[in-house]
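In order, the protein sequence lines correspond to chains A and B.
So for the first sequence, my numbering puts the first residue at 1; every next one is plus one.
So for the second sequence, my numbering puts the first residue at 1; every next one is plus one.
Hints are computed from structural coordinates only; laboratory data are not their basis.
Distance windows between CB atoms, simulated: (1) 118(B) - 85(A): 54 to 60 angstroms; (2) 207(B) - 57(A): 43 to 49 angstroms; (3) 116(B) - 98(A): 46 to 52 angstroms; (4) 87(A) - 113(B): 53 to 59 angstroms; (5) 211(A) - 128(B): 48 to 54 angstroms; (6) 85(A) - 122(B): 47 to 53 angstroms; (7) 92(B) - 134(A): 26 to 32 angstroms.
With a straight-line cut-off of 25 angstroms between C-alpha atoms, the simulated PhoX-like cross-links for lysine-lysine are: (8) 204(B) - 137(B); (9) 185(B) - 137(B); (10) 116(A) - 127(A); (11) 127(A) - 85(A); (12) 87(B) - 137(B); (13) 185(B) - 99(A); (14) 90(A) - 185(B); (15) 137(B) - 99(A); (16) 136(A) - 208(A); (17) 90(A) - 129(A); (18) 60(A) - 158(B); (19) 136(A) - 85(A); (20) 185(B) - 136(A); (21) 90(A) - 136(A); (22) 127(A) - 99(A).
Remember, predicted model here, so these are calculated numbers, not experimental data.
Glycine is no exception: its CB is placed at the ideal position from the N, C-alpha and C atoms.
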Amino acid sequence: MADIKQLKDPVSRRRFLAVGGGSTALAAFLAACGDDSGTTTMTTGSMGSGGASETAEFGKGDVGILNYALTLEYLETAFYADVVKSGLFKGADLETIRKFGAEEAEHVQALTAAVKQLGGKPAPEPKAKFPLESAKSVLELASTVENLGAAAYLGQAANIQSPEVLASALAIHSVEGRHAAVLNTLLGESITPDGAFAKPADVQTVLKSVEPFLVG
Amino acid sequence: MKEQLKTPELAAVEVDVEGGDLSRSDVILKGALAAGAIYGSAMVSPFVRKALAMSESGDVGILNFALTLEYLEAKFYEEAKSRAKAKGELKSLVNLLAEDEQQHVEALAATVKKLGGKPVAEPKFNFEYSDTAGFLKLAQTFEDTGVSAYNGAGPMIKSKEVLAAAGGIVQVEARHAAAIRLQNKEEPAPAAFDSPLSEKQVLKAVEPFIV
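Go ahead and model the full structure; you've got the sequences and the hints to work with.
Structure representation (structure tokens):
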């Protein structure tokens, strides 16, 4: 189980996001694409461990996936809001953090609206507390959160039933990828820690990673 | 939101137009309208066949369309290694992007074969720029276009495996786009939603560079 220290450590983050070398990633891609039978189950470990039921605790089908995403977006929004308040950042970096926070807040709004549109009940905002010790540790945590967020969307894309929901999730997913690349750049780390093919994260991995920040 | 691309060569190309503004809480509705423009009328939109002059459809058609875009990007960065006059950090970035795009080309071509299709031939490209700034402008256009093209094609993909794999590529394109935008001193993530690109927009963006 990931704890805060582990999350702040770039090395364990890399391990956690399972960096693959070029040929390995290519093999994973091919393996993932090999089955064109249109079956509804994932065929490789690299594509996430479970089906739509992974998000069952958040609701049925697409509502569950959207509520899972909503929970993560709530956490990201709260995190950036706390960072802005912390006074650890100024100037251009503060503007970047504000901008990203505003975008996460838009994701929250969009996902909430989407859940309602599907007749579901939006997940409640979780109570969270984040360690805000230094600018560097905050950037590292932000990088972890964004890379994880992008991987979480990627892990669910193929489980989404509705093309409309998928279109919207994809529109958010790539923005999380952009955020992750910027934070990695600020830290002097690779913009593509997984190589040429980004890797997904399954629900269990994601939830375990955010658990340390949940309060009550 | 109308965002005119800043590249003079592509002044006529607009991103985000047909789909309307996705940066709102009613993104689902807007997203549906935008994506519907692509996959709504016919499951495989004419642009795939038109762009590639092929009659195939389905996932192979989409993968071949993506392959064409990746050919363009791979060639663009390969050339840029000697043409873009990049130094230091940017030089490393060019090398990284060239390598990533080449891997995308290989993966997509191999996947088309696995699905029983024939990988589309690499077109001949012509990229007009004379300095680092010109290179960066084109790079930003290509990466942003790539992201939106994949996002537009995503809902059309039938195979979950192909969709998941394409998702792994589009996220990397988005990371490239952000890095290139930082080099251009532009907002790396200009909007909360990367809207899908319509068929016309993809064609307009790519055709000027195919000889």
